[in-house]
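Engineer: Residues per chain, in single letters:
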Amino acid sequence: MGVYQRRKFVDGVMRSWCILATLFAVIPLFSLLAYVLLKGVGGLNWSFFIELPKPVGELGGGIGNALLGSFVLLAIASIFGIPVGVFAGVYLSEFGANPFGKLVRFCADVMSGVPSILIGIFVYTLVVLPMRSPSAFAGGIALGILMLPTIIRTTEELIKLVPNSLREAGLALGMAKWRVILRVVLPAGMSGIATGVMLAIARAFGETAPLLFTAGSYPFWSVHLNKRISSLPVQIYEYAGSPYEEWHQQAWAAALVLVVMVLILNLAAKLLTSSRSHAR
Amino acid sequence: MITAKQMFQLRDTGGAVAISEEEAPLSKERILRSQGEEVGALGKMQVKDLRAWFGKTEIIKGVSLSVADKRVTAIIGPSGCGKSTFIRCLNRMHEVVPKAHVAGRVLLDGVDIYDRKIDPVKIRSRVGMVFQRPNPFPTMSIRENVLAGLKLNGVKVSRPDELVEQVLEQAALWGEVKDILNRSGASLSGGQQQRLCIARALALKPEILLMDEPCSALDPIATSRIEELIHSIGKVCTIVIVTHNMQQAARVSQYTAFFYMGELVEFNDTDILFTKPGNQRTEDYITGRFG
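First to last, the protein sequences are chains P and G. The first sequence lines up with residues 15 to 294 when you count with the working numbering. The second sequence lines up with residues 23 to 313 when you count with the working numbering.
Since the hints were derived computationally from the structure, they do not count as laboratory data. Backbone N, C-alpha and C define an ideal beta-carbon position, used for all residues, glycine too. You can trust all of the hints, since none of them are fake.
Part of the chain P face toward chain G, derived, beta carbon under 7 Å: (1) SER179; (2) LEU180; (3) ALA183; (4) LEU185; (5) ALA186; (6) LEU187; (7) GLY188; (8) MET189; (9) ALA190; (10) ARG193; (11) ARG197; (12) VAL198; (13) PRO201; (14) ALA202.
Generate the whole structure from the sequences, applying the supplied hints.
Structural biologist: This is the structure we're talking about:
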């Protein structure tokens with residue numbers, strides 16, 4: 015075999031290997047989606063979305079309260095996480111060229127890799143123990159903390175992309191620096207920041223671990239901040255771990271809802287990004 | 023405009039050349055003679071021994087000059103001679119760059135703008151600036167861009183529509199944009215964007231307008247429109263313009279300063295500087311031997 019043929023052969027082998035590895039990587043992903051769809055779609059009907067869970071043995075029942083609970087938790091998380099995250103990101107980008115900024119940046123990076131159950135334990139000791147009970151408030155705080163690193167870092171990166179000439183234009187008009195940041199720089203980076211926020215929300219939406227002992231679960235309608243509250247992931251966790259066949263079915267259906275929700279949030283983030291690139 | 027006769031008269035009296043002098047080189051009697059104007063109208067801004075650094079590199083090495091009121095002063099010189107840095111010192115924009123600092127005095131109506139008690143933010147609304155590249159705010163409409171300097175500073179504008187029309191008219195842009203005031207400022211052409219930026223600066227009624235190579239990113243037609251604009255605005259507002267284009271300096275300004283390597287080499291009436299330069303380096307530069 016000549017040198018040329020050998021090279022061609024090695025090229026072929028490597029290429030086939032890469033294709034095989036890629037296929038192998040997408041198999042779990044696609045089979046997961048297909049399996050969830052297959053198992054879950056049978057349990058879906060209108061009452062599933064709006065009804066409360068029923069006791070074991072009774073047919074029907076739904077995840078209405080868990081769905082509502084998830085939104086309540088996300089709302090609390092957003093109210094806490096978005097302003098803190100965005101302004102911390104602004105700080106890092108506009109004033110963070112110092113050792114403190116470096117430290118914060120490093121902490122944010124570490125935090126985004128911390129197992130989410132640790133955040134749950136942290137909030138448990140900090141909020142749940144003093145309040146003597148899991149609550150929607152504690153769960154929301156846990157999700158908010160989980161969202162922080164993503165929001166901080168995307169905000170910082172996007173604010174840095176805003177051209178310096180706009181900052182100078184603002185300053186040269188006699189605007190104070192905080193006004194320039196608030197009225198010129200932030201609006202210019204807004205659509206990108208919204209994308210980051212959306213991705214952070216999508217991630218928080220599917221988190222179970224931080225909610226297990228901060229928000230707990232509650233089989234009735236609730237929007238009270240100081241009471242336990244159900245959420246979609248925790249509901250799935252409880253149903254899937256139960257010994258009852260009809261609850262397993264409910265868990266699959268709820269999992270499908272969760273996957274679709276996360277998908278929608280990700281698509282929304284994508285759309286925001288592409289509308290931004292069209293505007294430029 | 024001074025006559026040739028006056029020009030030679032000036033040269034004979036020897037008052038024409040100034041090289042980094044301690045005092046402003048425009049002596050009273052010379053101006054009185056050549057312009058027939060009152061002393062009070064002169065010296066809107068006096069720069070005294072100005073030095074500016076980026077880190078440890080000294081960019082401006084002790085420059086003194088005087089900016090005449092309601093006149094156009096041009097600053098010319100080869101790239102990297104510190105022209106831009108110099109005018110950025112005149113509204114305290116130099117110091118917004120990290121590691122940049124300034125020494126010396128810049129008197130605006132006799133008050134040092136580098137005095138500790140002076141808020142740079144206030145100075146910048148009195149001394150406006152137009153940059154090399156047009157930089158309208160992309161998230162705002164044309165109208166909002168014009169009003170940005172006032173509205174974003176929390177100033178209540180009593181008749182905003184009138185002001186918008188007036189300054190856009192002044193910036194020779196009104197006719198082109200009067201029907202699209204709500205469109206984004208970024209949708210305009212480069213030349214229009216630059217005139218929008220001029221209008222935005224004029225809306226604050228600045229006492230001095232600094233222009234940092236305002237035409238270098240524009241085509242010749244847009245450039246000539248901006249030059250006409252400088253001509254008309256220069257009658258009501260003091261203008262300091264940096265340009266690497268000598269013809270432009272000759273066309274739009276009454277006074278010209280030649281900078282080289284961070285020093286002021288020569289400062290004089292534009293006509294004199296270009297026809298009878300008093301310094302060899304100036305002559306070499308304006309005749310195209312370097313730069």
